Each structure stands twice: as structure tokens, then as C-alpha cells.
Amino acid sequence: MSILVYIENVEGNFKKSGFEALSYAKAIADTLQQEVYALSIGNVENTELEKAGKYGASKIINVQQEQLKNFVNQAYASIIADIAKSTGASTIILSNSFSGKGLAPRVATKLNAGLADAATSLPIIEGETWKIKKTVFSSKAIATIDLLSPLKVISLAPNAYEPSESPSDIQIENYTPKIEQSDFSTIIKEIVRATDKVSLPEADIVVSAGRGMKGPEHWGLVEELADVLGAATACSKPVSDAGWRPHEEHVGQTGLAVSPNLYIAIGISGAIQHLAGVSSSKTIVVINKDPEAPFFKVADYGIVGDAFEIVPQLIEALKRYKSN
Amino acid sequence: MKILVCISNVPDTTSKITFTDNNTAFNSNGIQYIINPYDELALSKAVELADGGKANVTVIHVGDVASEPTIRKALAVGADQAVRIDAPPRDAWFVANQIATYAKTENFDLILTGRESIDYNGAQVQAYIAELLQIPSVSIAKRIEINGNEATIDREIEGGKEVLTVNLPVVIGTAEGVAEVKIPNMRGIMGARSKPLTVLPAVDVPALSTISNYETPTPRGAVTLIDKDNINKLVELLHTEAKVI
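Here the protein sequences line up with chains A and B, keeping their order.
The opening position of the first sequence corresponds to residue 1 in this note's numbering, with each subsequent residue numbered one higher.
The opening position of the second sequence corresponds to residue 1001 in this note's numbering, with each subsequent residue numbered one higher.
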């Protein structure tokens, strides 16, 4: 028996979430005394493929075909399910990324497996029943999902499991899948990716700002703070609704839910709709001139004061800290 | 064009979430229910595409009779008819099987769902439906344009977007940007009362998972306030105490 981990790549580089999934799989495999097999689909070089060994995979199955260069959920799901069957995998682990959300239910259906999505904990294994936690009700509660089926699919929430190295000799196995043309009905015309920015859904640190910034012309300050921290930038709904920032940056209900290690909120009052998207962040810092802002109630650290005075000082303080 | 919009009935955002039966069931006592906000985007897009007759819009909901006010609201927004599958929405797998079973009998060109629901935050139903129907799906769409038999969609990806085309039928999960949310007007509300709402029995679906327990997250400790004249203290605490930088 084995655990199969599908690792996503962006232009040939494995995503951090893939190493999180591998480490998570390794922890389960050690409990069950099973092997971890990794699976890569797309154009990934051997030096990158070998990195899966650092996190405990003993084999990586490499599917490299022109038609599979970019993600197509139907085709990728077919390949993952086929390889799960041929390797005798009992558990399939994926990342609960934007692509993973379209993939995991398809894989689970093909294998008649139960799916634990956006998992935030390792399973508690009670025979065939695995108990796995996830956040529900927009982070207001945590549910324990019992997977009851013999085969199991788990999609791991981003930033929920710290990758840890567990070096293993790794064998690269090239594999040419049987391809069904009916799996390729979506045709990708264009991929637009901001390469100079940290991707918000996966960021360790997020610097977010609201109407307290008074206008889009003041966002340089937010971006400078994000730069110093290697953080992604985000915003509240009123800000994206006003067109100060693109919708992609809106965190909160109807926008994006994030769970970084550090979330810094500047000039955001903390309406419940906003908190729904950020309250599972590990550490929250709130900067707001209104001491009554509801955001302070869910913050770990707070500074009451004018963002235009505090943020430049914070940037300077961080630069000093970084240079030491 | 025939459009199916899948809607779920969720607790209003401001609801206090509590549990009952020894933390094994959601406590719906006193909860105000709304159409899942992402499903509202799907519905608004469908009504926009229909534009008074260019498409026929059916809303489908899996749930008991208590969710009929939510279904009527969807009809008031502009759907032509509604179907309610009469069973508690046990989980995403169960709901998707009910919807796929119904969709098989109707040949919809477009099946829209919200990108996820704000109660179980699963984002699973759309891909399950698509796989059960063996048709393509796009999980997080920020723009949808339909031209004849082809949809052009902006799919959100980490750090950017992907522009793709696909022939109908397709299942699409809608996100912010696809449409302006439509608010029902008085004429819509009056008209909704007489629109057809068909109640169908659920099909049997073996359970692959179940929720065995709920808990509320450990509350954060009280906020540590830092004097605005001592910003270095924040940096120090983030490093030594929170260990995040």
C-alpha cells in the first residue's frame, strides 16, 4: 500500500503547497508503514523532481507531455486516478489550491473515495475511519470529517501543515498516460501571472489595507511594507468595490479566504464579512486610528493611531530588524 | 439556452454559530437563512444571460421545506422555475448526486454554482456534478461570456488568471466579478409566488463521509496594544513571541 501525492508546479517549479502535502503524507505513511509516491504532471526538470525525495517520497512518477503542459482538470483527474489504481494507493493527497478544488472531487468520484477537503489536521486513524479537521462556517467553527470509504482523498489547506525535510532516495519513473481527447474540452488561451508579486492565497505574510488609506494613491505605502516583509498585498471589500484595488486582492466573504502566518490589517474596521476571510490567520496585527474598531477584538497585536504615521515607522523598524 | 443554477441555503453572515446534540449537529435555532452569496452571483449571471427570454433559468436546491423562502427569493430575482430535492443536504457528495441525477433528465447547456458555500466552504459540488455528468468544469470563474455554443471564462489561479474557452455544456463555479448582484424588485417578488416550484424525492446515495463533531476555535487572547511611539516593540514581539518574522 502507498500514499500518492500530486504536486502542482508553476512553470516547472513545484509549489510550496506540494511540499506541505508531501510532508503531511509522510507523517501518515510513517504511522501506517507505507511508502509515499509523488506525482508530477507538466514540464518539470529532474533536479526539481528530485526535491520530492527531500520530503520523504521514495518515488516520483513524472508525466511529461506537451498536451499536459497546462492544468486541465478532467485530464489531470484521469491521470491521478489511473496512477492511484496502478500503484495501489490507499490515499491520495492534493493541495486545496484553486486548481485542486476542481480536481479533488473528480479524483474522488473516479475512485469512489470519500473526500476530506481543505484539511487542517493529520487524520486520527481508527481502523477504516479517518477523522480529519477542517474549518467551516467561514472560520467560525471546526468540523471533524470522518472518511468512511476504503480509498481516501484528502486536499490539504494551504499553510496548514509545515513542510519538514525527511530525505529519502528517490527514483524518477517516467510515465506516459493513455489520453482521452474528451478530457481536453477546455482550451487555455492565455495565462496571465503577475511574476513580480507574492501570490496572495499562498502567502506566509499578508499586508492588507482598507478605506483608512483614503485613496488608491496611498497604496505605495502598503506595497512598501509588503516588500520589506516579502508579503502579498490584500484589501477590504469597500476598497475593491471602489476600484482602488483589483478584485483579486479582496479578502473576506465573497472574496478570498486566507490563512497566512501573519496578517497585518491597516485601516480596516473589521466587519464580520472581512473577518470571515482572515480569522484563521495565525497572527493578526491591526493598525487603526479608531480604538473601538471591532478588528482589535480578534487581533493579537494592535496599534491605535494614524496609518500614515505608523506604517512608515514600521517600515523603518523592519528594515533595521532585517539588516541586523 | 437552458441554465441550471444550484443554490444553497446558508446562515446569514452575521449569525452566531452554535451546535447541538453534543456538538454533532448545527444549531439552526433562531438562524436567519440567505442564499449563499456566491450562488447569488451565479443566479445573477444566469438572469443577466437570460435577459428577459434569451435563456430559461431553473434553480435547484437540495433541502427540506424550510428552505422554500430562499427558493422563492431566487425566483424573485428572475429564475423561471425551481426544483427542490426533498432531503436534508447531507454533504457535497449527496447534493451533487441529487443535482446530477436531475440534470441528466434535462440537458442543460450551462450549470452554475457559487465557487463555494459559506457554511461548509467546500467548493466540491461543482466538480462532483461535472464528473458525474462527464462534462467540463471551471472552478473559480471571474468572468463568463457566452457566444453561441462556446463559453469564454477567466479562471482565477494563484497570482493571476487563465483565459479559457470551452464548448457547452459546462459546469462553472462563480466568483466576484461575473455579475452584479441582482436585487429582486416588487414585480419580481409578486411574480415569484406563481412560478412553478417542483418538489422531487431524493435518490439514495451511500455515504462516503460524515461529520462526527463540531467545535469552535480557541478564542485569541486579549489584544496586546503597542504604543504608537514604540513601533520597535511590535517588530520585537513578532519575532520573539509570535515567531512569524
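Everything labelled a hint here was simulated from the structure, so no lab data went into it.
Do not take every clue at face value.
Unchecked claim - Here are the computed lysine-lysine pairs in the BS3-like style, where the Cα-Cα straight-line distance is at most 30 angstroms:
1) A:Lys189 - A:Lys16
2) A:Lys16 - B:Lys1182
3) A:Lys214 - B:Lys1182
4) B:Lys1228 - A:Lys15
5) B:Lys1104 - B:Lys1142
6) A:Lys189 - B:Lys1002
7) B:Lys1104 - A:Lys214
8) B:Lys1243 - B:Lys1195
9) B:Lys1182 - A:Lys282
10) A:Lys54 - A:Lys289
Bear in mind that the values here come from a model prediction, so they are computed numbers and not experimental data.
Handout entry: Restraint status (C-alpha distance of Lys1104 of chain B to Lys1142 of chain B at most 30 angstroms)
Key = holds (27 angstroms)
Exercise for the section: Starting from Lys54 of chain A, check that the Cα of Lys289 of chain A is at most 30 angstroms away, please. Expected result: violated (47 angstroms)
Handout entry: Satisfaction of hint between Lys16 of chain A and Lys189 of chain A, Cα-Cα up to 30 angstroms
Key = holds (26 angstroms)
Exercise for the section: Assess, step by step, whether the Cα of Lys189 of chain A is no farther than 30 angstroms from the Cα of Lys1002 of chain B, and give holds or violated. Expected result: holds (26 angstroms)
Exercise for the section: For the pair we were handed, Lys1243 of chain B and Lys1195 of chain B, check the Cα-Cα distance against 30 angstroms. Expected result: violated (58 angstroms)
Problem - 30 angstroms limit on alpha-carbon distance, applied to hinted pair Lys214 of chain A and Lys1182 of chain B - result: Holds, at about 29 angstroms.
Problem - Pairwise hint evaluation, Lys15 of chain A against Lys1228 of chain B, where the allowed Cα distance is 30 angstroms at most - result: violated (38 angstroms)
Exercise for the section: Would you check the hint for Lys16 of chain A and Lys1182 of chain B, treating anything up to 30 angstroms between C-alpha atoms as holding? Expected result: violated (39 angstroms)
Practice task
Take a quick look at whether Lys1104 of chain B and Lys214 of chain A sit within 30 angstroms of each other, Cα to Cα.
Solution key: violated (52 angstroms)
Exercise for the section: For the pair we were handed, Lys1182 of chain B and Lys282 of chain A, check the Cα-Cα distance against 30 angstroms. Expected result: Given pair Lys1182 of chain B, Lys282 of chain A is violated - Cα atoms ~36 angstroms apart, limit 30 angstroms.
Hint violations for this structure: numbers 2, 4, 7, 8, 9 and 10, all remaining hints satisfied.
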